[in-house]
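Enquirer: Anchor point for the sequence shown: position 23 equals 23 in our numbering, and the numbering is continuous, going up by one each time.
Check the hints yourself; a few may be wrong.
In silico DSS-like pairs for lysine-lysine, Cα to Cα no more than 30 Å straight-line [claimed, not checked]:
#1 99 x 145
#2 145 x 82
#3 145 x 60
#4 99 x 60
#5 99 x 89
#6 99 x 82
Derived Cβ-Cβ restraints for the label pairs, each shown as a range [said to hold, decoys possible]:
#7 155 x 121: 15 to 23 Å
#8 96 x 146: 18 to 26 Å
#9 214 x 110: 44 to 52 Å
#10 97 x 221: 41 to 49 Å
#11 194 x 99: 31 to 39 Å
#12 124 x 150: 25 to 33 Å
#13 186 x 64: 51 to 59 Å
#14 62 x 215: 14 to 22 Å
#15 189 x 87: 26 to 34 Å
#16 99 x 68: 19 to 27 Å
Since the hints were derived computationally from the structure, they do not count as laboratory data. All of these numbers come straight from a predicted model, not from anything done at the bench. Glycine included, each C-beta is placed from N, C-alpha and C at the ideal position.
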Amino acid sequence: MPRIDHRQHIRQLALQQQTRRHFLGSCATGLGAMWMATAGDGRAAANSPSSYYRYPATAKRIIYLHMVGAPSQLELFDYRPKLRELDGKDCPAEYLEGKRFAFIQGTPQMLGPQYPFQQHGESGAWVSDRLPHISECVDDICFIKTMQTDQFNHGPAQLMVHTGQQRVGYPSIGAWITWGLGTENSNLPGYIVLLSGGRPPRTGNALWTSGFLPSVYQGVQC
């Protein structure tokens, strides 16, 4: 009987369920589709980046902080003048029309920013007074405000942030990065997960899974 590559078979089944457009849009950060072209190759890209990409990777390491319970970005660096204008008023009907939100009944009221915002740096970035030190170096920081989702319940929202999907079973952003950049040390894991607070996040290890990628790319909890 011919030898079956189960990992390749699983990847093919996953891909058959999605169109190219849906796949590009649903992968975490949209980069997964570009990396899938070389799926299954076990070599570390860090050792020979030119064999993988047209331009060698310059990043040596990535530190990703997932701060559960941190203040909302709407109180820190994502200033919304319209939200301040609507503070205390009923939510406009067009915001709710055709949508279903868990735990919301009747007509909710809008809540605007609770702290003052000012523009800082040459870029004119809006930052609240809750971040006095960040406001001094905004020109050295990249604020990404183009990402959005309808998920606001803790579990599905955390999965969306880490994997680009609200369902379990998809590679986390750390798995994609490790798969794409490789590791410079074959004796140590390239993807480390550090927990604080004495307990894991609500969604557990699904936030650092390798999904349908080989398990060598999943996060190692320490």
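Enquirer: Are the hints correct? Go through all of them and say.
Expert: Cross-check of the supplied hints:
| no. | hint | in the structure |
| --- | --- | --- |
| 1 | 99 x 145 | holds (23 Å) |
| 2 | 145 x 82 | holds (16 Å) |
| 3 | 145 x 60 | holds (25 Å) |
| 4 | 99 x 60 | violated (42 Å) |
| 5 | 99 x 89 | holds (19 Å) |
| 6 | 99 x 82 | holds (21 Å) |
| 7 | 155 x 121: 15 to 23 Å | violated (36 Å) |
| 8 | 96 x 146: 18 to 26 Å | holds (23 Å) |
| 9 | 214 x 110: 44 to 52 Å | holds (46 Å) |
| 10 | 97 x 221: 41 to 49 Å | holds (43 Å) |
| 11 | 194 x 99: 31 to 39 Å | holds (36 Å) |
| 12 | 124 x 150: 25 to 33 Å | holds (30 Å) |
| 13 | 186 x 64: 51 to 59 Å | violated (22 Å) |
| 14 | 62 x 215: 14 to 22 Å | holds (20 Å) |
| 15 | 189 x 87: 26 to 34 Å | violated (47 Å) |
| 16 | 99 x 68: 19 to 27 Å | holds (25 Å) |
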